[in-house]
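Work the whole structure out from these sequences, hints included.
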Amino acid sequence: MDVYSFPRLFVLLLLFVYKAHAQQEPTLSITGEVQTPLTLRLSDLKAMEQVTYTANDREGTENRFKGVPLVELLRKAGVTTGRELRGENLVKYVLVSAADGYEVLYALPEIDPDFTDQVIFLALEKNDAALPANEGPFRMIVPNDKRPARWIREVRHITVRFALR
Amino acid sequence: MAGNYSSEKKWRLFRNYTYTGTAGIFIFVGLIAFSVSGPEPYPLRYPSNFGSRFTVPEDNPTTKEGVYLGRMLFYEKKLSAGNSVSCESCHQQKRAFTDGKALSTGLNGAQTARNSMSLANLLWVRNYFWDGRAGSLEEQARFPLTDPHEMGQDLQESVRKLQETAPYPALFKQAFGSDRITEERIVQALAQFQRTLISAGSPYDDYLAGRYDPTDLELSGMRLFESNPDPERAIRGANCAHCHGGPRLHKELFHNNGLDLSASDPGREAVSGERSDKGRFRVPTLRNILLTAPYMHDGRFASLEEVLDHYSDHVQAAENLSSFLRGSSNEINGTQLALTSPEKQAIIAFLGMLTDTVFITNPDFTNPHNHP
Numbered sequence: 001m002d003v004y005s006f007p008r009l010f011v012l013l014l015l016f017v018y019k020a021h022a023q024q025e026p027t028l029s030i031t032g033e034v035q036t037p038l039t040l041r042l043s044d045l046k047a048m049e050q051v052t053y054t055a056n057d058r059e060g061t062e063n064r065f066k067g068v069p070l071v072e073l074l075r076k077a078g079v080t081t082g083r084e085l086r087g088e089n090l091v092k093y094v095l096v097s098a099a100d101g102y103e104v105l106y107a108l109p110e111i112d113p114d115f116t117d118q119v120i121f122l123a124l125e126k127n128d129a130a131l132p133a134n135e136g137p138f139r140m141i142v143p144n145d146k147r148p149a150r151w152i153r154e155v156r157h158i159t160v161r162f163a164l165r
Numbered sequence: 166m167a168g169n170y171s172s173e174k175k176w177r178l179f180r181n182y183t184y185t186g187t188a189g190i191f192i193f194v195g196l197i198a199f200s201v202s203g204p205e206p207y208p209l210r211y212p213s214n215f216g217s218r219f220t221v222p223e224d225n226p227t228t229k230e231g232v233y234l235g236r237m238l239f240y241e242k243k244l245s246a247g248n249s250v251s252c253e254s255c256h257q258q259k260r261a262f263t264d265g266k267a268l269s270t271g272l273n274g275a276q277t278a279r280n281s282m283s284l285a286n287l288l289w290v291r292n293y294f295w296d297g298r299a300g301s302l303e304e305q306a307r308f309p310l311t312d313p314h315e316m317g318q319d320l321q322e323s324v325r326k327l328q329e330t331a332p333y334p335a336l337f338k339q340a341f342g343s344d345r346i347t348e349e350r351i352v353q354a355l356a357q358f359q360r361t362l363i364s365a366g367s368p369y370d371d372y373l374a375g376r377y378d379p380t381d382l383e384l385s386g387m388r389l390f391e392s393n394p395d396p397e398r399a400i401r402g403a404n405c406a407h408c409h410g411g412p413r414l415h416k417e418l419f420h421n422n423g424l425d426l427s428a429s430d431p432g433r434e435a436v437s438g439e440r441s442d443k444g445r446f447r448v449p450t451l452r453n454i455l456l457t458a459p460y461m462h463d464g465r466f467a468s469l470e471e472v473l474d475h476y477s478d479h480v481q482a483a484e485n486l487s488s489f490l491r492g493s494s495n496e497i498n499g500t501q502l503a504l505t506s507p508e509k510q511a512i513i514a515f516l517g518m519l520t521d522t523v524f525i526t527n528p529d530f531t532n533p534h535n536h537p
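Chains A and B, in that order, give the protein sequences.
Per the numbering used here: the first sequence = residues 1 to 165.
Per the numbering used here: the second sequence = residues 166 to 537.
As a list, the in silico DSS-like pairs of lysine-lysine whose alpha-carbon atoms are at most 25 Å apart: (1) B:Lys326 / B:Lys338; (2) B:Lys326 / B:Lys242; (3) B:Lys229 / B:Lys338; (4) A:Lys126 / B:Lys443; (5) B:Lys259 / B:Lys229; (6) B:Lys416 / A:Lys146.
In short, the hints are calculated from the structure, not lab data.
Values in this document were obtained by computation on a predicted structure and should not be read as measured data.
Below, the structure is given as structure tokens:
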């Protein structure tokens, strides 16, 4: 074994790990009525403001979710929030779609802190670990919704739209 | 007075203007009459509980002439290499537009990769095929027409053949205003016909409309179909409706339903490129399900009994198994759904309510080459 083999192998291994990581890091897209369409990686999302919420699941088990407030994602993409959320902007909605095609929507005032104390957020973690495969990597948490039908799992896309007609 | 029109001349001028004006009106009316004599809108009729969440492309409105042309093309073997097969070969009306085979047979007996899908209520579908790769019926039509394992003919060749086959140039003129046949118009006409394949005449539809009394067995099957099992509260259920429910018996979903621990067919992964989509397939409509055996994307189950056995007892814990099939059980701490044999029979009895004989005998959908 020549003297260069080990460092070479190490660099190759690093490259391989980096490539595998780059290919598999999950992403979330935000498009539609936004100033800046975004594709955010898990690491981008982890670098943003985080909130937590603890909820019981159907079996009564307590789970602690942690993630990014949806309003922060909307602000980052340049959606009309806060003082801009008036007039026709009040008929904008946020459509969230999952890997399996499931979709739910929220109206902007349901998300905006000027209108509500509820913090809808995109969970990245459950009980201090990544969300499991059939639930994550991203799941929306809607604390005031008693039935979790809008706690949409496996979120892939967020689209902001105007209600037409 | 020189330089002035006499009153008679003024009158004549007035009359000339009037004539010109009248002629103009006639031309205008003529234009309206012409546009009225163009393709006539085809009303898409469906029960209000189906909802109107669908889009018909603006450049391809559904018209009577377009739908008739699409129906002719649906049954036209000239759209295949060697004039051997048509859409009907794999989509027969009596089987709710399926073919009764595990995998379909195309040109020269070649087998397709997946099971033929029922063509009912496609108007509401948003992503076509088992893997959802086509976003519109227009886009969808290109695949089977040109796939070497299906109809195997280049669309240019189809255009050429149809252009010299009566009555197609005339039918294209009626539908699209010009007898010039194009690839685009072929797929547009096929899409128009397929949008009219609405199934809304089953006993289940009648039940929802308050016109049908289900038998006790059907009712108990319906209850299981709709209930989420909760053994601690002694609620038995099969939870089918979670993915197959609603008046159309279809939701736009793609799930891994645990057929294999590791799927050999990538399914939706091939479209999205996402590893977590491996082995995910369209959740198909359950309309006319008794007529559309064999079942699953690869037709692996010959009967509904086998399908129920799968969901009840043999769901494989694939990595991305649908969360709605995970841990759903009629037994406390059970890992499988665990339905009893009579429960499976009750569910199958309920599924019988989804057979729409009006749909499979509708004369508007039959082969027009036989009975124009």
